[in-house]
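Sequences listed follow chains X and Z, in order. So the first sequence is numbered by this note's numbering: it starts at 1 and just counts up by one. So the second sequence is numbered by this note's numbering: it starts at 1 and just counts up by one.
Simulated from the structure, these hints should not be mistaken for lab results. Note that the Cβ used here is the ideal one computed from N, Cα and C, for glycine as well. Please note: incorrect hints may appear among the correct ones.
Said to hold, decoys possible - One-sided and incomplete, this derived list gives chain X residues near chain Z with beta-carbon spacing under 8 angstroms: (1) I22; (2) L26; (3) A39; (4) N44; (5) D129; (6) L149; (7) L150; (8) L153; (9) S156; (10) V157; (11) T251.
Next come the chains, spelled out residue by residue.
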Amino acid sequence: MWRYVWKRILMLLPVLFGVSLISFSLLHLVPGDPAEILAGEEANPEFIKALRQEYGLDQPLYLQYFHFLSHIVRGDFGISIRNREPVINLLKERFLFTVQLSFISILIAGLIGLLAGIISSTKQYSLFDHISMLGALLGISMPIFWFGLLLMLVFSVYLRWFPAGGTGTIFHLILPAIALGASGSAVIARMTRASMLEVIRQDYIRTARANGLREFIVIHKHALKNAMIPVVTVFGLEFGYMLGGAVLTETVFSLPGIGRLMVEGIFQRDYPIVQGAMLLVATTFVLVNLLTDIAYAFFDPKIRYE
Amino acid sequence: MKRFFSGSLIIFCFLLIILPTSSEGKVYGGTVIYAAGADPDRLDPANAESNPAEAVNRMMYENLVKFDEKLRIVPGLATSWEQAKDGLTWTFHLRKGVKFHDGTPFNAEAVRVFIERMIGPEKPSRAGLYVPFVKSVEVVDDYTIKINLKTPFAFFLNNLAHSASGIVSPTALKTYGKDIARRACGTGPFKFVEWIHGDHLTMVRNDDYWGGKPYLDKIIVKTVKEDSARVMMLQSGDAHLIVRIPAEDIPRLEKDAKIKLDSTETLRTLYIGINCSKKPFTDVRVRQALNYAVDKEAIVQSIYQGRALVASGIVAPLATGYFPVKGYPYDPEKAKKLLAEAGYPKGFKAKLWSPHGRYPKDFELAQAVQQQLKKVGVDCTLDTMEWAAYLAATRKPVKENESELFLLGWAPSTAEARWILYPLYTTEQWVPQGNNRSFFSNKEFDELVNKFTRATNKTEMDKYLKEAQELLVKEAPSIFLLVTKETIGYSQKLKGVINSPLELTYFDHQTYLEK
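Chain X on its own, in the form it takes in the complex:
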């Protein structure tokens, strides 16, 4: 098991190398100059030149990439071109925030999704099933931007229950977490329902029932555990996406998360920020996937990583 984990973690290296190469090339391929964006329409050529020198942007690309790599392996992510803040500080601040938000969102998504999925599958074609699946359809199809604004309008402007954006308290995170968790819960609900329906029809469930086990035990002990493999996959993917930064949710609710940092970094051509954030997000995604894979072994003892 540990050998497998180590192997997977070692595999991160080529993945990160690839990510760094692709993000570096893409960033430098698109037109636009950080100094010029910083200076806007009033750009002063002297300043552009000085800034290009300071950040080594006047050197050939392969050299720039080499410098970037050699600094990264020493843990030096550079400093932001726009506000001179060390990138590592920005990544820390933003990532911690994103982790908080993602945890609350995935909790909401998991709770609602699993419950709705299980009940729907055991009471297939009931009124609850229809309503929850309609809800799931809505959850998947609603644009998160619109849903976020709607939540804000209802709960902040009219009811005044929650603050309209910003950070500070746990209350600030509730509306964004609901907005972000909505589509996740919908996906999880549908996946749970489908997977459960498949399992429930299998012979061993019939045997369990024939043996006189209580329905609750049949569903929760025998069926659910076996139905979990695809659900865990979806769960892991959703969580990975959330940790990668929910740009739209962060924008609507003005939250300082990693997604907005990255997107704004792209618009500002703040190369050190974008590259640092890309590496961080890629690492998280790979690690969450690894955790998902390990979770398989828990749900299905037949899966062994030797």
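Based on these hints, arrange chain Z on the given structure of chain X.
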């Protein structure tokens, strides 16, 4: 009776202590939440380039001279000044008893450090305000400083009033160097506390402020990128002040009794740049025809609901040095006639570029121009680009530059006409060296700009300024469209908000929040 009086007296004194009301009815205390549309870039005035940064810097730093609400120059950290007859030497008498937030005294030495940093090897991004003009600086005594110029410069005081000329504590500058960009240390009414990038920046009042203790306790500037989110924050009371209100939200907010809207005419002119180096735009008649072909009044009414002004030239009316010029009225017949004279009776095809979301309603504006040009036979394809790519594409040197017609805006951050006419239209400012993206070149115009810049008396200066503006309209290197208005909204309880035509919204020591 005696007891009654002494009792009343005690109660009265007690009330005086607990009620934080000043004599003029202004109230001390309170935290104000200001929702800005973007994060500041740098808190170092000399290197700050964005409006959000300039707005917060205006609260933490001060200049030798400053702009009043009508953009006239008034004393700041200098109480008075004289210009020598030859226009080359400026002497400033400094305010006494002023301290930076770190305790360093403000004096002539601090000004010397500031000027020498601007003209020295460090080259801050705003060095361009000083390098071309300033030769040297001399400390006369603790509170007198002399600045020697290379050539006379009519708008020198405007450059000193620019946000970039906020004076940084020399001690802080020595300690932090360029990293002063992440923390601020000036003499302003508010002191820097913390800055969480992308989230908020906090300032507290400076009790030692020379102008008197500021009324507000604390200011939190939050970054709220999404327009509708800012509007909702104002309505829900989560913000006391918001900037950049989208036009479609204005009617709704106007009905809200708790909110005050304030629309200020800015210095920003939106225009369609014309690449004068390319045919058919090399012909002045074609450029004039394009100007006649656009119905600006209709655009102002339909797209901006009247919240903009028709521009007749490039200089906005509030800029120092503005002269009213006769622009181009809407006259499609005349446009067609001019095109025919230039050899294009059936019009021609052209490319029109526009940013999307950089200026209020920019893309809608470009679409309207496209439709109106079509009516006189100029058939444009309209393309939009992301802002960084847009700047890069319009900044290419003349031989590689593929632009033909392009929408842009310009607001002189020094609030004067020279910083419009010189960078946008003189030959030496052709991109990529300067900002003349139109490749307009006219010897007479260059000469006039040079003359009013170096003028030492007002009559002479005004004469050349007027001629330059008239000549520019006649030569029509751009389609002059409109001057924008900036609408901000704030709680009725917030008093004394400064909404400057420089597109900067900020507070000073007189701003207060009613309970």
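How the hints compare with the structure:
no.: 1; hint: I22; in the structure: 19 angstroms, violated
no.: 2; hint: L26; in the structure: 13 angstroms, violated
no.: 3; hint: A39; in the structure: 5 angstroms, holds
no.: 4; hint: N44; in the structure: 4 angstroms, holds
no.: 5; hint: D129; in the structure: 36 angstroms, violated
no.: 6; hint: L149; in the structure: 6 angstroms, holds
no.: 7; hint: L150; in the structure: 11 angstroms, violated
no.: 8; hint: L153; in the structure: 6 angstroms, holds
no.: 9; hint: S156; in the structure: 4 angstroms, holds
no.: 10; hint: V157; in the structure: 5 angstroms, holds
no.: 11; hint: T251; in the structure: 5 angstroms, holds
The structure is inconsistent with the numbered hints 1, 2, 5 and 7, although it conforms to all the rest.
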